[in-house]
Amino acid sequence: RKEVEQDPGPFNVPEGATVAFNCTYSNSASQSFFWYRQDCRKEPKLLMSVYSSGNEDGRFTAQLNRASQYISLLIRDSKLSDSATYLCVVNDPGGYNKLIFGAGTRLAVHP
Amino acid sequence: DVKVTQSSRYLVKRTGEKVFLECVQDMDHENMFWYRQDPGLGLRLIYFSYDVKMKEKGDIPEGYSVSREKKERFSLILESASTNQTSMYLCASSSTNTEAFFGQGTRLTVV
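Chains X and Y, in that order, give the protein sequences.
For the first sequence, the working numbering begins at 225 and goes up steadily by one.
For the second sequence, the working numbering begins at 48 and goes up steadily by one.
Note that these hints are calculated values from the structure, not bench results.
Don't be surprised by glycine CBs; every beta carbon is placed ideally from N, CA and C.
Wrong hints could be hidden among the right ones.
Quick list of simulated restraints, FRET-style, between CB atoms [as the list claims (entries may be wrong)]:
#1 Y:R91 - X:P234: 40 to 46 Å
#2 X:G282 - Y:K104: 37 to 43 Å
#3 X:S277 - Y:K118: 19 to 25 Å
#4 Y:R56 - X:H334: 26 to 32 Å
Below, a list of computed lysine-lysine pairs in the DSS-like style, where the Cα atoms sit at most 25 Å apart [unchecked claim]:
#5 X:K322 - Y:K50
#6 X:K269 - X:K322
#7 Y:K50 - Y:K100
#8 X:K322 - Y:K104
#9 Y:K102 - X:K322
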């Protein structure tokens, strides 16, 4: 079983749609969770951290379910500029702040 | 703004050459990482360092070595480049229990 698993997609959605991505992680001792965004041929950039209580940043909402060991990202009112690959990231509780990346979920928003 | 700078955006090297990829960060982060990213495989950790002169193997260290003589600089060395090391190489840095910041990536082609 992979340490961090994501549906690779692609998710093809029209502008204005709501889309949700899920990610599961294998180590129940992980403490830090993030969503990164990566545009084609660019480096990953932090989209948002994921907190236990859930958090929202504009059109983006992140949720953490520790019992089921999954993280979700909800994007409301999708824009063309949201087209990218979204990476789920979990820390390795073994130390050194090593981060484990999922393979990413590709989102394509069309007019 | 955190800045992680990789020495080259694009690099073409011959099989058997020794290759140095340099990464510098300006935020006094303890942790630095080297990843490679290939289509369908996501980000894979090659090596990381949690302090000066300290290094740990990641998931795919074979064929690579690293050097961290100063806190701000983390070098990846391909001792004898091979065609299967053609990839996008990404350097990242982080402080303990925080997100990682990436450099712009180096696209290495080995011919």
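Violated hints, by number in ascending order, as checked against the structure: 1, 3
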